[in-house]
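Novice: Now for the letters of each chain:
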Amino acid sequence: DVKVTQSSRYLVKRTGEKVFLECVQDMDHENMFWYRQDPGLGLRLIYFSYDVKMKEKGDIPEGYSVSREKKERFSLILESASTNQTSMYLCASKGQIYEQYFGPGTRLTVT
Amino acid sequence: GNSVTQMEGPVTLSEEAFLTINCTYTATGYPSLFWYVQYPGEGLQLLLKATKADDKGSNKGFEATYRKETTSFHLEKGSVQVSDSAVYFCALANTGNQFYFGTGTSLTVIP
Numbered sequence: 001d002v003k004v005t006q007s008s009r010y011l012v013k014r015t016g017e018k019v020f021l022e023c024v025q026d027m028d029h030e031n032m033f034w035y036r037q038d039p040g041l042g043l044r045l046i047y048f049s050y051d052v053k054m055k056e057k058g059d060i061p062e063g064y065s066v067s068r069e070k071k072e073r074f075s076l077i078l079e080s081a082s083t084n085q086t087s088m089y090l091c092a093s094k095g096q097i098y099e100q101y102f103g104p105g106t107r108l109t110v111t
Numbered sequence: 001g002n003s004v005t006q007m008e009g010p011v012t013l014s015e016e017a018f019l020t021i022n023c024t025y026t027a028t029g030y031p032s033l034f035w036y037v038q039y040p041g042e043g044l045q046l047l048l049k050a051t052k053a054d055d056k057g058s059n060k061g062f063e064a065t066y067r068k069e070t071t072s073f074h075l076e077k078g079s080v081q082v083s084d085s086a087v088y089f090c091a092l093a094n095t096g097n098q099f100y101f102g103t104g105t106s107l108t109v110i111p
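Residue numbers (our numbering), protein chains in the order written: chain U, 1 to 111; chain A, 1 to 111.
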């Protein structure tokens, strides 16, 4: 079974802090994704990566950056956290077939 | 472009009732269609999928048929249980790596 893990289930940070959310997958998938999930808005794509060191902006990249130095790991970075980035963050990976496999999510609160 | 529209919730049903959650899509070409389920506090799990017109995806008593003529992929279950309480997301994948998700439908099943 594909396993996607995220570094934290719950995280509380202060405004202005630099925040790292990490995601690791164990199936050698080429593609990895970061979404945020907000009530009434569903899932919105922040960034995705189709290979090591490659990245593409999604629908809402502002205020975020990503890093993919190794195939199995995809990090989401909030350079200076703000309260409007309080959300559930979901990581997913995808191989050659169509399904995306999701991690358990990180609920981030910025105070 | 590609997009998914699903019925708004929340939906509340009694145990053993019949469930339908409507999903329609807009896409170029021949997308694959998916239903994902999110249980409280967890990430998304693939529930079922269909990769071509007239395919029926099924899992755990849930079914959905890919209808190209009506551009629909409605989720159905004949007899829901309390354990089916969750948020359900319809999604499509087209050429390329991106998924397009609906906004989610929250289902609560009461005993």
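Among these hints, one or two may not hold up.
[As the list claims (entries may be wrong)] SDA-like mimics (lysine to any residue), calculated; alpha carbons at most 20 Å apart, straight line:
no. : chain 1 : residue 1 : chain 2 : residue 2
1   : U       : K53       : U       : P39
2   : U       : K3        : A       : E42
3   : U       : K53       : A       : E42
4   : U       : K18       : U       : K3
5   : U       : K3        : A       : A17
6   : U       : K55       : A       : Q98
7   : U       : K3        : U       : K71
8   : U       : K57       : U       : S80
9   : U       : K55       : A       : N97
10  : U       : K53       : A       : N94
11  : U       : K70       : U       : D26
12  : U       : K3        : A       : F62
13  : U       : K57       : U       : E79
14  : A       : K60       : U       : S82
15  : U       : K55       : A       : A17
16  : U       : K57       : A       : S3
17  : U       : K57       : A       : Y100
18  : U       : K57       : A       : G96
19  : U       : K3        : A       : V37
20  : A       : K52       : U       : Y64
21  : U       : K3        : A       : Q45
22  : U       : K57       : A       : S85
23  : U       : K3        : A       : Y39
24  : U       : K13       : U       : E72
25  : A       : K60       : U       : E99
26  : U       : K55       : U       : L78
27  : A       : K56       : A       : T71
28  : U       : K70       : U       : R107
29  : U       : K55       : U       : E72
30  : U       : K3        : A       : L47
31  : A       : K77       : A       : S3
32  : U       : K57       : A       : Q45
33  : U       : K18       : U       : K71
34  : A       : K52       : A       : Y39
35  : A       : K77       : A       : A17
36  : U       : K57       : A       : T71
37  : U       : K55       : A       : Q45
38  : U       : K3        : U       : R68
The set of hints was computed from the structure by calculation and includes no laboratory data.
Bear in mind the structure is a predicted one, so any value in this text is a computation, not a measurement.
Novice: Each of the hints needs a verdict: does it hold here or not?
Specialist: Against the structure, the hints:
A distance of roughly 32 Å separates the Cα atoms of K53/U and P39/U; the hinted pair therefore is violated under the 20 Å criterion. For a cut-off of 20 Å, the pair hint linking K3/U to E42/A stands: about 14 Å separates their Cα positions. About 29 Å separates the Cα atoms of K53/U and E42/A, which puts this hinted pair outside 20 Å; it is violated. Note on K18/U and K3/U: the hinted pairing is violated, with a Cα-Cα distance of about 27 Å set against a maximum of 20 Å.
Between K3/U and A17/A the CA atoms are separated by roughly 34 Å; this puts the pair beyond 20 Å, and the hint is violated. The hinted pair formed by K55/U and Q98/A meets the criterion: a straight-line CA distance of about 13 Å does not exceed 20 Å. Straight-line distance between C-alpha atoms of K3/U and K71/U comes to about 14 Å, which keeps the hinted pair within the 20 Å bound. At roughly 18 Å between alpha-carbon atoms, K57/U and S80/U fall within 20 Å of each other, so this suggested pair holds.
Our distance criterion of 20 Å between C-alpha atoms is met by K55/U and N97/A, whose separation comes to about 12 Å. With a C-alpha separation of about 24 Å, the suggested pair K53/U and N94/A falls outside the 20 Å cut-off, and the hint is violated. For the proposed pair K70/U and D26/U, the alpha carbon gap of about 12 Å is at most 20 Å, so the pair holds. A threshold of 20 Å between alpha carbons decides the hint, and for K3/U with F62/A the separation of about 24 Å lies outside it, so the pair is violated.
For the hint linking K57/U to E79/U, the alpha-carbon distance of about 16 Å falls within 20 Å, and the restraint holds. With a C-alpha separation of about 41 Å, the suggested pairing of K60/A with S82/U is violated against the 20 Å cut-off. With a C-alpha separation of about 45 Å, the suggested pairing of K55/U with A17/A is violated against the 20 Å cut-off. The straight-line distance between the Cα atoms of K57/U and S3/A is roughly 18 Å, inside the 20 Å bound, and the hint therefore holds.
For the given pair, K57/U sits about 15 Å from Y100/A by alpha-carbon distance, which is consistent with the 20 Å threshold. Only pairs whose Cα atoms come within 20 Å are accepted, and K57/U paired with G96/A is accepted, the gap being roughly 14 Å. About 17 Å separates the Cα atoms of K3/U and V37/A, which keeps this hinted pair within 20 Å; it holds. Distance check on the hinted pair: K52/A and Y64/U sit about 36 Å apart at the alpha-carbon level, beyond 20 Å; violated.
About 11 Å separates the Cα atoms of K3/U and Q45/A, which keeps this hinted pair within 20 Å; it holds. Taken as a hint, the K57/U and S85/A pair is broken in the structure, with Cα atoms around 33 Å apart against an allowance of 20 Å. As the CA atoms of K3/U and Y39/A are separated by approximately 17 Å, the hinted pair is consistent with the 20 Å bound. In summary, the hint linking K13/U to E72/U is not supported, as the alpha carbons are separated by about 26 Å, beyond the 20 Å threshold.
Annotation: proposed proximity of K60/A to E99/U holds, straight-line Cα distance about 18 Å (limit 20 Å). For the given pair, K55/U sits about 16 Å from L78/U by alpha-carbon distance, which is consistent with the 20 Å threshold. As the CA atoms of K56/A and T71/A are separated by approximately 14 Å, the hinted pair is consistent with the 20 Å bound. This hinted pair does not check out: K70/U and R107/U have alpha carbons roughly 24 Å apart, beyond 20 Å.
Between K55/U and E72/U, the direct Cα distance comes to roughly 14 Å. Compliance with the 20 Å bound is thereby established for this hinted pair. The hinted pair formed by K3/U and L47/A meets the criterion: a straight-line CA distance of about 16 Å does not exceed 20 Å. Restraint check for K77/A and S3/A: not satisfied, since their Cα atoms lie roughly 24 Å apart, outside the 20 Å limit. Among the hinted pairs, K57/U with Q45/A is inconsistent with the structure: their alpha-carbon atoms are about 24 Å apart, more than 20 Å.
A hinted pair counts as satisfied when its Cα atoms are at most 20 Å apart, and K18/U with K71/U does not qualify at roughly 23 Å. Taking the CA atoms of K52/A and Y39/A, the gap is about 27 Å. The hint is violated against a cut of 20 Å. With a CA separation close to 9 Å, the supplied pair K77/A and A17/A stays within the 20 Å bound. For a cut-off of 20 Å, the pair hint linking K57/U to T71/A is broken: about 28 Å separates their Cα positions.
For the given pair, K55/U sits about 24 Å from Q45/A by alpha-carbon distance, which is inconsistent with the 20 Å threshold. Taking the CA atoms of K3/U and R68/U, the gap is about 18 Å. The hint holds against a cut of 20 Å.
Checked against the numbered hints given earlier, the structure breaks hints 1, 3, 4, 5, 10, 12, 14, 15, 20, 22, 24, 28, 31, 32, 33, 34, 36 and 37 and satisfies all the rest.
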